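Using the hints, position chain B with the ligands against chain S.
The residues making up each chain are set out below.
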Amino acid sequence: MNYLHSIGLYFLMIKEMFRKPTKWSVMKQLILKDIDDLIIGSLGIVAFIAFFVGGVVTIQTALNITSPLIPKHLVGFATRQSIILEFAPTFISIIMAGKVGSFITSSIGTMRVTEQIDALEVMGINSLNYLVFPKVIALMLYPFAIGIAMFLGILGGLAACIYGGFTTLEDYIVGIQLDFIPFHMTYAFIKTFIFAFLLATIPSFHGYYMKGGALEVGKASTTSFVWTSVMIILLNYILTQMMLS
Amino acid sequence: MIEVKDLYKSFGDAHILKGISTSFEKGKTSLVIGQSGSGKTVFIKCLLGLFPYEKGCISYDGQIFSELSENQKRDLRAKIGMVFQGSALFDSMTIAENVMFPLRMFTTMSKSEMEDRADFVLKRVNLADAHNKMPSEASGGMQKRAAIARAIVNNPKYLFCDEPNSGLDPKTAIVIDNLIQEITDEYNITTVINSHDMNSVMEIGEKIVFLKDGVKAWEGTNKTIFKTDNQVVTDFVYSSNLFKKVRQMYIEERQ
Ligand SMILES: Nc1ncnc2c1ncn2[C@@H]1O[C@H](COP(=O)(O)OP(=O)(O)OP(=O)(O)O)[C@@H](O)[C@H]1O
Ligand SMILES: [Mg+2]
Numbered sequence: 001m002n003y004l005h006s007i008g009l010y011f012l013m014i015k016e017m018f019r020k021p022t023k024w025s026v027m028k029q030l031i032l033k034d035i036d037d038l039i040i041g042s043l044g045i046v047a048f049i050a051f052f053v054g055g056v057v058t059i060q061t062a063l064n065i066t067s068p069l070i071p072k073h074l075v076g077f078a079t080r081q082s083i084i085l086e087f088a089p090t091f092i093s094i095i096m097a098g099k100v101g102s103f104i105t106s107s108i109g110t111m112r113v114t115e116q117i118d119a120l121e122v123m124g125i126n127s128l129n130y131l132v133f134p135k136v137i138a139l140m141l142y143p144f145a146i147g148i149a150m151f152l153g154i155l156g157g158l159a160a161c162i163y164g165g166f167t168t169l170e171d172y173i174v175g176i177q178l179d180f181i182p183f184h185m186t187y188a189f190i191k192t193f194i195f196a197f198l199l200a201t202i203p204s205f206h207g208y209y210m211k212g213g214a215l216e217v218g219k220a221s222t223t224s225f226v227w228t229s230v231m232i233i234l235l236n237y238i239l240t241q242m243m244l245s
Numbered sequence: 001m002i003e004v005k006d007l008y009k010s011f012g013d014a015h016i017l018k019g020i021s022t023s024f025e026k027g028k029t030s031l032v033i034g035q036s037g038s039g040k041t042v043f044i045k046c047l048l049g050l051f052p053y054e055k056g057c058i059s060y061d062g063q064i065f066s067e068l069s070e071n072q073k074r075d076l077r078a079k080i081g082m083v084f085q086g087s088a089l090f091d092s093m094t095i096a097e098n099v100m101f102p103l104r105m106f107t108t109m110s111k112s113e114m115e116d117r118a119d120f121v122l123k124r125v126n127l128a129d130a131h132n133k134m135p136s137e138a139s140g141g142m143q144k145r146a147a148i149a150r151a152i153v154n155n156p157k158y159l160f161c162d163e164p165n166s167g168l169d170p171k172t173a174i175v176i177d178n179l180i181q182e183i184t185d186e187y188n189i190t191t192v193i194n195s196h197d198m199n200s201v202m203e204i205g206e207k208i209v210f211l212k213d214g215v216k217a218w219e220g221t222n223k224t225i226f227k228t229d230n231q232v233v234t235d236f237v238y239s240s241n242l243f244k245k246v247r248q249m250y251i252e253e254r255q
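Each protein sequence line maps, in turn, to chains S and B. All residue numbers for the first sequence refer to UniProt numbering, where the first residue is 1 and numbers rise by one. All residue numbers for the second sequence refer to UniProt numbering, where the first residue is 1 and numbers rise by one.
Pulled out of the complex, with its shape left as it was, chain S reads as follows:
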């Protein structure tokens, strides 16, 4: 019953977000600020994780291919597939649910607790449009971050290959070009767009509708992380089933 109520409220929130839009001159600045906070501010951690996990994927694959019958360029192939299909879009999104999600929940939640949202409403401003809409738009650039993560992941794999002496550079390059299906990229970016929308709206929902004081802001951030990850994992399953099988 409670869950149903929350789900209904979530969709009403999304609808309300588009009503009575904020003046464009103000909205433009809000969007730019959110791009800076949410996307640019996350590039560092995304790049770091992508590069090193890419390397680890390569090492693990190389170490587990022991049979001499399997060609060495499969290391590059496996790295590319796991990074493009799952690691960059899904795994990075879960990390972003922690980083970006808890930032969104706690900043909107603090505004709720200190009556700043009431202050917006009393001025006749659609606070959902003012607060949530720019975050949704800013996160539409999130696929760029994932594109960078894909590139760096594969690069990390290449570095690990060469420094670890698992395969030659030529083998790796052959591997990452092997049997490339362009639709896999489409699939990955469709997923990423949907995850970006979840990353903006679920944490906003938990911050916007929270009740209580500073302690509850912390709790709301945790709950929002849990729900954002659960929804990302669930939708990942559904989308994969729908698009790839």
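Keep in mind that the hints are not guaranteed to be accurate.
Claimed, not checked - Beta-carbon label-pair distances, calculated as ranges: (1) S:4 - B:3: 48 to 58 Å; (2) B:116 - S:3: 49 to 59 Å; (3) S:148 - B:3: 30 to 40 Å; (4) S:20 - B:11: 26 to 36 Å.
Keep in mind that the hints were calculated from the coordinates and are not lab data. Nothing here was measured: the structure is a model prediction, and the numbers come from that model. Where is the CB? At the ideal position from N, CA and C, for every residue including glycine.
Relative to chain S, chain B with the ligands alone:
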């Protein structure tokens, strides 16, 4: 003019407002007074539509608030200035940006016009030197005054202040009281103030509504409040020793 008819509000089992009816006139400063926890903040938030209420009717110059569409409500609210008890400044903006915020949202003023207007109201609340402070760097009283400046910057038609001078020294409190009264007169706005400060009651209480236990226990003006025999009102008014002494002297003088 704001009219309230038979307003009921509860949180679960706690009945906070139990049938309040009153009206606040244009061009007058009206005070809602009562002890801490008597429901003043809840009352004002119901007037603004921030809290849903179970029963009652609230109208702004004849427009019944609950019958307005969401967009009409927002248009009405653009004419409202509100000072929250906790100031509610936007903490990602400087004090000057906070004050300019309603202008940015609702006017087509140029940047320099907005800055001039913000300068002007910040001077009126004695905050001329705090432009570039962030709210977190300002003292409680400065935040309060910045919130007042933000509420009046766009010439509202209705002004609500939840304890505008709590946390201010007596001298600044009087400046703020006078400012609120001045702009109420000057622009003929409907002003509702929550307070338990007896100084304000004496100074600017052109209409006073006394809340106790969720009902309106008394209504009058700053002229009549010191003469009433209503026990709950005199208990509240003369709760401070200073006022008790003054009353004692007044009674002795008359004998
Ligand atoms: N959001 C809420 N949920 C539950 N109870 C509330 C809520 N807000 C206020 N109350 C209760 O309503 C009563 C009146 O509170 P209110 O804040 O209106 O008092 P007040 O008259 O403004 O007091 P003060 O002078 O201290 O500001 C209190 O008993 C309070 O516990
Ligand atoms: Mg109060």
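- Hint by hint, work out which the structure violates, then give me just those numbers in ascending order. The structure conflicts with hints 1 and 3, although it agrees with all the remaining ones.
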